[in-house]
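Participant: Residues per chain, in single letters:
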Amino acid sequence: MDVNEALLKYCLRLGDDAMILGHRLSELCSKGPYLEEDIALTNISLDLFGQTRMMYTTAGEIEGKGRTEDDFAYKRLEPEFQNVLLVEQPNGNFGNTVARQMIFSVFYYHLFKELQTSSNEKLAAFAAKSLKETTYHMRHSCEWIVRLGDGTEESHWKIQDALNDIWSYRHELFEKDEVDETLIEAGLIPDTVTFKAAFEATIQDVLDRATIEELEEGWKATGGRKGHHSEYLGHILPIFQSIPRTYPESKW
Amino acid sequence: MSADNQFPQWEVFIQSKTGLPYKHVGNVHAADGELALQNARDLYTRRQEGTSIWVLPTDQIVASNPDDSDAFFDPAEDKIYRAATYYTMPKGAKHI
Chain F
7 MDVNEALLKY CLRLGDDAMI LGHRLSELCS KGPYLEEDIA LTNISLDLFG
57 QTRMMYTTAG EIEGKGRTED DFAYKRLEPE FQNVLLVEQP NGNFGNTVAR
107 QMIFSVFYYH LFKELQTSSN EKLAAFAAKS LKETTYHMRH SCEWIVRLGD
157 GTEESHWKIQ DALNDIWSYR HELFEKDEVD ETLIEAGLIP DTVTFKAAFE
207 ATIQDVLDRA TIEELEEGWK ATGGRKGHHS EYLGHILPIF QSIPRTYPES
257 KW
Chain Z
3 MSADNQFPQW EVFIQSKTGL PYKHVGNVHA ADGELALQNA RDLYTRRQEG
53 TSIWVLPTDQ IVASNPDDSD AFFDPAEDKI YRAATYYTMP KGAKHI
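Chains F and Z, in that order, are what the protein sequence lines are. Using my numbering, the first residue of the first sequence is number 7, and each one after it goes up by one. Using my numbering, the first residue of the second sequence is number 3, and each one after it goes up by one.
There may be inaccurate statements among the hints.
As the list claims (entries may be wrong) - Derived DEER-like restraints, expressed as beta-carbon distance ranges:
1) F:LEU41 to Z:SER18: 35 to 41 angstroms
2) Z:PRO10 to F:GLU222: 32 to 38 angstroms
3) F:GLU181 to Z:ASP34: 33 to 39 angstroms
4) Z:THR53 to F:GLY98: 34 to 40 angstroms
Claimed, not checked - Listed next, the in silico DSS-like pairs over lysine-lysine satisfying Cα-Cα at most 30 angstroms (straight line):
5) F:LYS226 to F:LYS182
6) F:LYS119 to F:LYS135
7) F:LYS119 to Z:LYS25
8) Z:LYS96 to F:LYS138
9) F:LYS257 to F:LYS128
10) F:LYS135 to Z:LYS25
11) F:LYS202 to F:LYS182
12) F:LYS71 to F:LYS232
13) Z:LYS19 to F:LYS138
14) F:LYS202 to F:LYS226
15) F:LYS71 to F:LYS164
16) F:LYS135 to F:LYS257
17) F:LYS232 to F:LYS202
18) Z:LYS19 to F:LYS135
19) F:LYS128 to F:LYS182
Note that these hints are calculated values from the structure, not bench results. On a predicted model such as this, the values are computed, not experimentally measured, just so you know. Cβ coordinates follow ideal geometry from the N, Cα and C atoms, glycine included.
The following block holds chain F by itself, in its conformation from the complex:
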């Protein structure tokens, strides 16, 4: 695989991860557990859509066929999306939402820290900007996990369950295929293995503070990077894409 093709796919994957999670969080708009948290979650959603736009726009430039950010968001089908399965999982209860967010934010926090020194200027600038946002998303979700875990008996078992349920989805974030290997070899992206221990240490620290017992190891989520999705993405896209597909030329 040549570097340009790998770069295009990599940008789309980062964009897809951010967009699908951004959409999930946007579903909570006006449905947050209370006013302040409603705004906090939709703020995170907006940050993720900002990141999506940067990645899709960059992807369009790399591809050079005139596709825009909207084309990537609205005119691709389910198998063309290569987001990890983690981000399409349902919001569930508030514990499920913050558990999913913590794993995502801690991973991307460590990725962006490395990626901001990429020799590719676009990726480096994207990572530097996104790192600031992600640092806050991480703090927000981690502090909630501590409070839920070390809160009431009910909040403890709910967050323990939520973390057990989502924990197996982390594996996919560290997967490597031809796209990653081409870019690692070209020195454009970090090898995720270099920060896996740091990722685990960050999470373990939160779990300890939250008095969460050791998380259950089960299956390993996989497939998203190949376009094989869980049952959920097929329900997200028709809602997300309905307006531009119904009125293809409309502007708003």
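Dock chain Z against the given chain F, drawing on the hints supplied.
Facilitator: Using the frame of chain F, we list chain Z on its own:
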């Protein structure tokens, strides 16, 4: 949430620039100080309103009682000599 199962209330103060006084901007509900700070950040600094935030538990504020207004504030009414404008500028004073 109904009124009686809300998290405690915190008052939010924002400093728009270093060196300027903190201004009261409103309040938030939160379980503790760290979350109050995060909520304040999310609610009140989305449009670059500030560079620093204070949050204080609302119940820690000691407020004057409106019933005390007569004794507290009215006596200042006729002390106009306490305002700088009461005094005429001395002739020749340039740097006041």
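Participant: It remains to establish, for every hint, whether it holds in the given structure.
Facilitator: Structure-based check of all given hints:
1. F:LEU41 to Z:SER18: 35 to 41 angstroms: This hint is violated: roughly 24 angstroms between Cβ atoms.
2. Z:PRO10 to F:GLU222: 32 to 38 angstroms: holds, 35 angstroms
3. F:GLU181 to Z:ASP34: 33 to 39 angstroms: Once the Cβ atoms are compared, 38 angstroms apart, the range 33 to 39 angstroms for ASP34 (chain Z) and GLU181 (chain F) holds.
4. Z:THR53 to F:GLY98: 34 to 40 angstroms: Taking Cβ atoms as reference, THR53 (chain Z) and GLY98 (chain F) lie about 36 angstroms apart, which means the hint holds.
5. F:LYS226 to F:LYS182: OK: LYS226 (chain F) and LYS182 (chain F) at ~14 angstroms, within 30 angstroms.
6. F:LYS119 to F:LYS135: OK: LYS119 (chain F) and LYS135 (chain F) at ~11 angstroms, within 30 angstroms.
7. F:LYS119 to Z:LYS25: Violated: LYS119 (chain F) and LYS25 (chain Z) sit about 35 angstroms apart, past 30 angstroms.
8. Z:LYS96 to F:LYS138: Roughly 50 angstroms separates the two Cα atoms, so the pair is violated.
9. F:LYS257 to F:LYS128: holds, 28 angstroms
10. F:LYS135 to Z:LYS25: holds, 29 angstroms
11. F:LYS202 to F:LYS182: Cα-Cα ~13 angstroms, so holds.
12. F:LYS71 to F:LYS232: Since the Cα atoms of LYS71 (chain F) and LYS232 (chain F) sit roughly 23 angstroms apart, the hinted pair holds (cutoff 30 angstroms).
13. Z:LYS19 to F:LYS138: holds, 20 angstroms
14. F:LYS202 to F:LYS226: Holds: LYS202 (chain F) and LYS226 (chain F) sit about 16 angstroms apart, inside 30 angstroms.
15. F:LYS71 to F:LYS164: Between LYS71 (chain F) and LYS164 (chain F) the Cα gap is close to 48 angstroms, so the pair fails against 30 angstroms, i.e. violated.
16. F:LYS135 to F:LYS257: Cα-Cα ~28 angstroms, so holds.
17. F:LYS232 to F:LYS202: holds, 22 angstroms
18. Z:LYS19 to F:LYS135: OK: LYS19 (chain Z) and LYS135 (chain F) at ~22 angstroms, within 30 angstroms.
19. F:LYS128 to F:LYS182: holds, 21 angstroms
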